[in-house]
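Please arrange chain B on chain A, whose structure you already have, making use of the hints.
Residue numbers (the numbering used here), protein chains in the order written: chain A, 5 to 307; chain B, 5 to 307.
Please note that the accuracy of each hint is not assured.
Because identical chains share one entry, a pair is satisfied inside a single copy or across any pair of copies.
[Said to hold, decoys possible] List time: in silico DMTMM-like cross-link candidates among lysine to aspartate or glutamate, alpha-carbon distance up to 20 Å:
1. K228 with D171
2. K219 with E307
3. K253 with E282
4. K164 with E182
5. K259 with D237
6. K219 with D98
7. K219 with D291
8. K141 with D291
9. K264 with E282
10. K141 with D300
11. K141 with D286
12. K164 with D229
13. K219 with E182
Derived from the structure by calculation, the hints contain no laboratory data.
There are 2 protein chains.
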Amino acid sequence: MESKMVQTCHGQTVTILSHQTIFPVLLFCHGFMLANTCYTDLLKHIASHGYIVVAPKFYGFLPISIPDEVQKAAQVTEWLSPSVLPEKVNPDIDNLALSGHSRGGKIAFALALGKTDQKSHKTKTSVKDNPTPLKFKAIIGVDPVAGGSVSNRPQPEILKYIPRSFDMSIPVAVIGTENGNQPLGIFPVFEFLPLNIPPCAPNGVNHSEFFNESKPPVSYFLAKDYGHCDMLDDKLDDWMTNLASHMIKSGKGSKELMRKGVGGIVVAFLKFYLGGDEKDFDAIVGDPSIAPITLDPVIYVKE
Amino acid sequence: MESKMVQTCHGQTVTILSHQTIFPVLLFCHGFMLANTCYTDLLKHIASHGYIVVAPKFYGFLPISIPDEVQKAAQVTEWLSPSVLPEKVNPDIDNLALSGHSRGGKIAFALALGKTDQKSHKTKTSVKDNPTPLKFKAIIGVDPVAGGSVSNRPQPEILKYIPRSFDMSIPVAVIGTENGNQPLGIFPVFEFLPLNIPPCAPNGVNHSEFFNESKPPVSYFLAKDYGHCDMLDDKLDDWMTNLASHMIKSGKGSKELMRKGVGGIVVAFLKFYLGGDEKDFDAIVGDPSIAPITLDPVIYVKE
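Chain A with its partners taken away, still in its complex shape (with noise of 0.2 Å):
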């Protein structure tokens, strides 16, 4: 397997883990203030299952607005084509799925959603310029999260507050984790200063209302016992995201397990809904126990 970091006609940097043949696509938006190498240990899992992942680094160490991660998400989707991608790394880019953990999650969705015109400070170029702009085939939400709670909701407003209101009609499937509703309470840190940490997902803006505004076939698996970011490398180099990873409640579990877990998933997904082998899903779906983690509720709704 092999992994590159290559530059993108806008400058972006992209991590590309890839095969040498043709694969199948797979967008990757990492999450608020986590760097796109946060993930690598999650997505080489997911490449080395035969899929080309192209992870974005959407800002350094400024975050951008949601409406420039939408857009620049839209750009990277543009620029994805065999000529511009590194040699040896052939996708078949027809066979393309998206995805994003945390507000990157949100980011997925308002792509998904075409949600490509809102306001936007930063990005000079239009993504309405492309007149051929590419399909995506399916859709994995990790951990999404559309804003601080139901009333603290940045533009664009993708819930609605009404079941299987997005209006899309590709296969979704939505990963949660049970510990990312909750805070971590007081920063240890800061004993003498107290600092009351929100949790990272809350109630109202989080996998549950994304399920819940899907249209079938949708997807549904709550990571029990594991925490919003528990799916992130053990090793994280960079120390602000290091600092952030402390003030986020985790599970007890092995980090390991659970990337195996949410990789797992992901794979399986993609193998049915870009590979039209369903036995994998349906294995995870009909039987959760076989997770190296425990999924509970895993529902699917297919129609």
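Coordinates of chain B only, in the frame set by chain A:
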């Protein structure tokens, strides 16, 4: 059709609308600060299709706590038996359904979920004294509301923000209103003293989440262009309710049609799940345009 006001053994006033022979029973819980008599037209509509409708009045001028309301609803359920009901009101007590509007919807779900052991200040007798409580066969939420917001939900907290987490297996119908999540804005009377009236059925604690947390079989109907209290009687005899009804965003359509629409859904649902006749229910789910109001979306998750 008869309409009777009777006293329960707990001293509560109950409106009973019935035919003369044995019929299934529907327990209906009124909304916050709304008298049970506000629903006379809607409940008459339901009763006219062959149901005994029991609509307890949980309190007078001063509201009681939700645990106290749940206790009272449980006590009314215990009290239901042929011997205590008025002459010629003969219930088929094994064919019992539960319903409620607004906060009464939460009362109904809390009762069905067995949340009768919550802290209750006013009720002296315990519903746990009854060794053989009656079982509900189906439940209907009419624009149910679980609290003021996701972070402000009074006990018992029935919502968990996990899909299908309600621990009950009876069939569920949820009827929502499109305008229920909208604030009235500035109340006209208080133009000189701005009073911003919040929505009655806020996002995150309303119909959508009740649907999401219900296990199949569950059906969902959203009444377009109608407000949270548009299924109440046109003429409300209580001044307090009358005032409250002006502080709620209403729809523009005929309230009579709304009552017929909601009543029709309730009757079709009860015919199916209490009577075993699915014809009307299948018809409305298959073609919602047959309803006198616009229902969109209509969702039915069979299993």
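Evaluation of the provided hints:
1. K228 with D171: between (30 Å within a copy, 18 Å between copies)
2. K219 with E307: both (8 Å within a copy, 16 Å between copies)
3. K253 with E282: neither (34 Å within a copy, 47 Å between copies)
4. K164 with E182: between (23 Å within a copy, 11 Å between copies)
5. K259 with D237: within (8 Å within a copy, 57 Å between copies)
6. K219 with D98: Neither way: K219 and D98 sit 22 Å apart in one copy and 37 Å across, limit 20 Å.
7. K219 with D291: between (23 Å within a copy, 19 Å between copies)
8. K141 with D291: Neither way: K141 and D291 sit 25 Å apart in one copy and 29 Å across, limit 20 Å.
9. K264 with E282: within (19 Å within a copy, 45 Å between copies)
10. K141 with D300: neither (26 Å within a copy, 26 Å between copies)
11. K141 with D286: So K141 and D286 pass the 20 Å test inside one copy only (19 Å; across, 32 Å).
12. K164 with D229: Only across copies: K164 and D229 sit 15 Å apart there, 29 Å inside one copy, limit 20 Å.
13. K219 with E182: Between copies only: 19 Å across chains, 23 Å inside a chain, cut-off 20 Å.
The structure does not agree with the numbered hints 3, 6, 8 and 10 stated previously, though it agrees with the rest.
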